[in-house]
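Undergrad: What follows is each chain in one-letter form.
Protein chains: 4
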Amino acid sequence: MTPVVGRKATGLVAATFTPLTPEGEINLSEIRPYIDYLLEQQGVKSIFVNGTTGEGMSLTVEERKLLAEEWCNKGKNKLEQVIVHVGCMSLKDSQELARHAAEIGADGISVISPSFFKPATADALRMFLQEVAAAAPAMPFYYYHIPAVTGVNLRSRDVLEGIENQIPSFHGLKFSGSDLMDFGQCVSYCPSHWSLLYGIDEQLLGALAMGANGAVGSTYNYLGSSVNRLMSAFDKGDLPKARTIQFQMQDILCYAIKLGFDLAVNKQLMSEVSGLALGPPRLPLLPCPHPKALSIAQRLQQILGEQ
Amino acid sequence: MTPVVGRKATGLVAATFTPLTPEGEINLSEIRPYIDYLLEQQGVKSIFVNGTTGEGMSLTVEERKLLAEEWCNKGKNKLEQVIVHVGCMSLKDSQELARHAAEIGADGISVISPSFFKPATADALRMFLQEVAAAAPAMPFYYYHIPAVTGVNLRSRDVLEGIENQIPSFHGLKFSGSDLMDFGQCVSYCPSHWSLLYGIDEQLLGALAMGANGAVGSTYNYLGSSVNRLMSAFDKGDLPKARTIQFQMQDILCYAIKLGFDLAVNKQLMSEVSGLALGPPRLPLLPCPHPKALSIAQRLQQILGEQ
Amino acid sequence: MTPVVGRKATGLVAATFTPLTPEGEINLSEIRPYIDYLLEQQGVKSIFVNGTTGEGMSLTVEERKLLAEEWCNKGKNKLEQVIVHVGCMSLKDSQELARHAAEIGADGISVISPSFFKPATADALRMFLQEVAAAAPAMPFYYYHIPAVTGVNLRSRDVLEGIENQIPSFHGLKFSGSDLMDFGQCVSYCPSHWSLLYGIDEQLLGALAMGANGAVGSTYNYLGSSVNRLMSAFDKGDLPKARTIQFQMQDILCYAIKLGFDLAVNKQLMSEVSGLALGPPRLPLLPCPHPKALSIAQRLQQILGEQ
Amino acid sequence: MTPVVGRKATGLVAATFTPLTPEGEINLSEIRPYIDYLLEQQGVKSIFVNGTTGEGMSLTVEERKLLAEEWCNKGKNKLEQVIVHVGCMSLKDSQELARHAAEIGADGISVISPSFFKPATADALRMFLQEVAAAAPAMPFYYYHIPAVTGVNLRSRDVLEGIENQIPSFHGLKFSGSDLMDFGQCVSYCPSHWSLLYGIDEQLLGALAMGANGAVGSTYNYLGSSVNRLMSAFDKGDLPKARTIQFQMQDILCYAIKLGFDLAVNKQLMSEVSGLALGPPRLPLLPCPHPKALSIAQRLQQILGEQ
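Protein chains in written order, with the working numbering: chain D, 1 to 307; chain Y, 1 to 307; chain H, 1 to 307; chain W, 1 to 307.
Read the hints as simulated data drawn from the structure, not as lab findings.
Some hints could be false.
Put simply, identical chains are the same to the list, so a pair is met inside one copy or across any two.
Only pairs whose alpha carbons sit at most 20 Å apart, straight line, appear in this in silico EDC-like list of lysine to aspartate or glutamate [what the hints assert, rightly or not]:
id	residue 1	residue 2
1	Lys78	Asp235
2	Lys258	Asp158
3	Lys8	Asp36
4	Lys258	Asp123
5	Lys292	Glu96
6	Lys92	Glu62
7	Lys92	Asp123
8	Lys118	Glu131
9	Lys92	Glu23
10	Lys241	Glu23
11	Lys118	Asp158
12	Lys92	Glu103
13	Lys92	Glu25
14	Lys258	Glu69
15	Lys74	Glu103
16	Lys45	Asp235
17	Lys65	Glu96
18	Lys292	Glu161
19	Lys258	Asp179
20	Lys258	Glu161
21	Lys45	Asp123
Go ahead and model the full structure; you've got the sequences and the hints to work with.
TA: This is the structure we're talking about:
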């Protein structure tokens with residue numbers, strides 16, 4: 001089997017929030033303006049949908065299909081990449097979503113480790129990933145590593161070991177961990193057609209130094225424009241400027257963290273900054289009080305205005 | 001609304017494994033002999049299906065329905081209680097399973113905390129539970145607390161606070177934690193029609209002293225007969241005898257733990273002891289090597305034969 | 001070498017606070033009235049000094065010697081047992097304190113696992129304990145297990161394995177963990193001259209059912225009288241009464257926990273209840289605001305008055 | 001009070017191992033050749049003594065004094081900086097060591113958070129540090145942050161808040177954590193006369209990008225020469241070369257980790273590589289089997305020879 005030929009994901013990838021109506025149902029009508037906002041206001045050309053930021057695990061399989069389809073349809077000829085997260089607790093559900101992503105013309109699929117039952121070894125995890133990938137063998141496949149959320153502390157480098165033999169469509173990694181040795185070991189191992197996308201936005205600069213090809217994260221929904229300048233400065237070797245922007249991002253996040261920052265607040269913050277109507281999160285997350293998100297949005301504007 | 005009238009779950013409740021074919025598909029034909037085995041060989045009269053032991057989270061919604069239906073049908077007029085676990089990462093999936101459990105005549109439903117997105121407070125968790133319970137308001141409802149698996153460390157006592165106002169069908173707790181202060185606080189809070197079922201089999205005796213009404217666990221599949229004697233000894237005030245049986249159970253488990261004990265091993269052990277064909281676990285769990293389960297089964301027979 | 005013959009520690013053992021002056025120096029003059037208070041007001045006849053409750057790790061070796069000496073001197077012919085905790089991060093310091101405890105006529109010594117550098121295996125920990133015990137071979141020796149504080153999660157049962165060969169003076173265990181399987185396995189392993197003392201006060205009843213010989217804890221400083229009645233009820237087989245008292249203790253602690261309960265608050269609470277002047281804790285602990293301890297003391301009186 | 005004027009620590013700082021005799025006593029005679037080795041073979045000009053690598057917490061106060069004195073004496077006119085770690089579980093012991101470090105002419109002192117009793121807030125920790133610093137007010141003072149070892153997860157940025165008001169001699173940070181947002185926030189906060197030294201050797205490159213002034217670590221004992229080239233490449237903007245060296249270091253460490261890597265192995269590895277006789281570690285650490293360290297040393301030579 002020849003490797004899947006797919007464009008390599010680079011640059012910034014926004015992990016999109018899932019628009020819900022005030023009643024908590026998925027709101028497909030907000031997807032077109034969301035894509036336009038990312039392209040026009042943030043300069044972000046790729047998206048990662050139905051992932052952690054998108055509350056994928058709180059959605060039904062049917063809802064995830066409807067959303068993925070809308071993101072792909074509305075992003076066609078506009079976005080560079082639409083990567084659909086198809087990870088579920090159940091392998092069978094993941095396989096169904098993988099097949100569906102292939103049918104709707106997604107640019108890639110990504111899978112997080114199951115976390116209720118946790119794979120005991122890198123081998124077990126790789127077998128799980130392999131079974132999902134095999135359901136959509138032509139889809140570029142990205143493993144999604146986020147140990148703080150899943151509690152699965154297997155080193156990514158161990159998961160990558162020989163993975164191209166088991167998953168010919170393997171294309172890269174969304175690495176949302178702070179262990180930059182593990183990340184560096186992935187960089188030094190990976191062939192040139194893989195993408196190593198870093199996922200902890202507030203320490204992106206460290207990962208770029210270690211060799212990241214790009215970044216996936218929730219803050220690029222509303223800070224994409226700033227972080228595009230960070231990446232551009234880094235590419236030109238202007239570390240002081242890159243640091244200045246990174247520190248601004250950190251200042252914004254630290255302000256948010258002191259107020260209490262979780263996915264619900266993050267989602268409401270995006271609504272405040274973008275003007276989109278993303279709606280509430282779904283239970284077990286509780287809606288963010290409006291003034292809290294507003295306060296963070298104001299601080300964001302203030303800090304970015306200072307630059 | 002008047003409280004749901006349901007029989008109170010007491011005594012031992014086996015958390016059943018899910019029979020799979022060698023190919024990993026659900027195997028409904030093994031359910032009838034499974035129920036007979038529990039009744040005839042172990043003296044266990046109630047079951048908890050599609051829970052952690054049953055790999056519920058690795059199954060699709062459709063599979064869970066088929067299984068729940070078969071357990072209810074085959075258990076009718078034989079078992080005292082069939083409690084169906086309907087917890088999912090997605091509230092909507094849980095609601096669908098709750099409605100289904102009501103339709104098929106289950107004796108109760110139980111819900112674990114969602115664990116990918118974790119409720120931040122006891123209030124948030126209670127709201128999630130309420131939304132599920134409201135989908136099947138006539139079903140006796142049990143909250144399932146298992147912090148070591150979910151990573152949700154909210155105290156059960158806090159979750160119970162005022163829960164009868166939000167969930168009139170609330171009926172009790174499956175408490176699978178080692179914090180006996182929290183458990184004791186639940187005991188002292190609970191009205192007489194609730195059941196407080198303890199879920200860490202190897203320290204049941206401590207929970208009985210603290211006031212447990214019964215127990216739900218995986219080991220009761222193959223140690224139910226022994227533990228029924230433990231409970232009977234405890235009820236008669238014969239602590240030395242109860243301890244002897246508890247220590248035997250612990251000896252068996254410690255032997256298993258030294259060999260490497262997880263749900264896959266546990267499932268294979270049940271096949272060895274019972275003669276049922278429960279099949280492999282589903283990924284991300286890997287099948288247990290046959291000799292390992294056999295060795296544990298032999299040790300089990302040896303220890304119980306010593307009594 | 002013949003085993004050390006020592007009286008077996010049973011019943012309640014108060015883990016004493018260390019009296020400090022308002023300036024933070026050790027206050028030996030408060031020790032005599034402290035002992036009298038325990039005997040006369042709480043009916044507690046044994047003590048465990050310089051342990052976790054006693055802020056042993058925050059004291060210098062010299063201070064620990066002075067304190068141990070005073071506790072032994074003032075307790076002579078009054079107390080049944082004075083057990084001196086001699087655990088330190090440095091083996092040499094522990095050995096010096098062990099020798100000193102023998103010189104001053106302590107009834108036993110106890111050692112916690114070092115926790116900055118953690119023993120990797122039960123063997124390594126047993127070797128550390130052996131080296132301390134060898135410095136005072138005639139002192140009854142108790143291993144002190146408290147994984148939540150030390151982060152050392154080695155199972156006690158594994159530490160006990162063959163320990164009498166390495167430590168002929170071994171006499172028992174202070175088990176401050178919630179894993180009652182591990183505790184039960186210690187009970188079933190231990191010869192009759194060992195003491196298995198349980199150390200999580202709020203779930204003592206569970207450990208008594210599992211076979212505890214007694215209990216060491218900080219709350220026995222001010223709740224000893226109540227818990228003596230709990231133990232007496234348990235001994236008579238009156239579980240409902242034992243539970244009632246256990247639940248009262250839990251109510252008090254839960255009230256304290258909601259207000260914020262740590263060692264500093266605990267110490268101030270003891271001053272409030274007993275009238276002793278125990279002074280502040282030492283840094284890195286901060287003194288407890290007076291109203292907080294007072295509020296807890298009032299709740300304590302109220303709950304115990306309800307009985 | 002005017003700020004302490006001290007040279008700013010930059011570049012590589014070796015966290016030294018403590019030489020012990022085969023019998024486990026401190027071995028002062030190995031210190032002179034150790035310093036010469038660092039200077040001549042590794043190009044490392046500053047040291048951090050009695051810290052984690054130096055098993056400081058396993059030593060007595062007296063031993064730590066003797067060692068600190070010898071390091072200062074033998075390093076005089078040779079080394080740029082001798083920073084003495086004076087952190088202890090007991091504030092009084094730390095104060096005594098701080099005074100002693102001042103007497104013997106150390107270039108700075110550093111304090112780790114106490115970890116048996118943990119400070120509950122950044123304020124409590126800052127007060128502890130202040131009390132130590134006040135005992136040696138003319139000594140440049142470095143806070144040592146290493147949450148994976150201490151279990152103290154207070155953010156360094158919060159500890160630094162206003163610290164110059166409480167500790168006029170404050171001079172910087174040894175940051176041994178993987179949270180580069182916290183590290184970045186320290187960088188953006190710190191005045192130019194502070195040093196921000198990074199302490200997780202295997203991800204140094206990420207921290208340099210974020211603004212680290214230098215690095216303190218154990219691997220610089222035997223990889224100092226390589227990492228000096230890494231830092232030089234980074235300073236010249238040659239990221240590919242810096243990455244190559246960082247990845248080599250990671251390859252060595254990953255090889256070691258697969259064999260089982262702890263402080264005992266690390267110490268023996270240094271003996272193998274340097275030819276120094278550093279002796280065994282002290283209990284609770286167990287000596288490393290010779291072949292294991294030899295195997296790692298050979299892999300190290302092989303990887304570095306490949307460059």
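Undergrad: Which numbered hints does this structure break?
TA: Of the numbered hints given earlier, those the structure breaks are 1, 3, 5, 10, 14, 18 and 21, listed in rising order.
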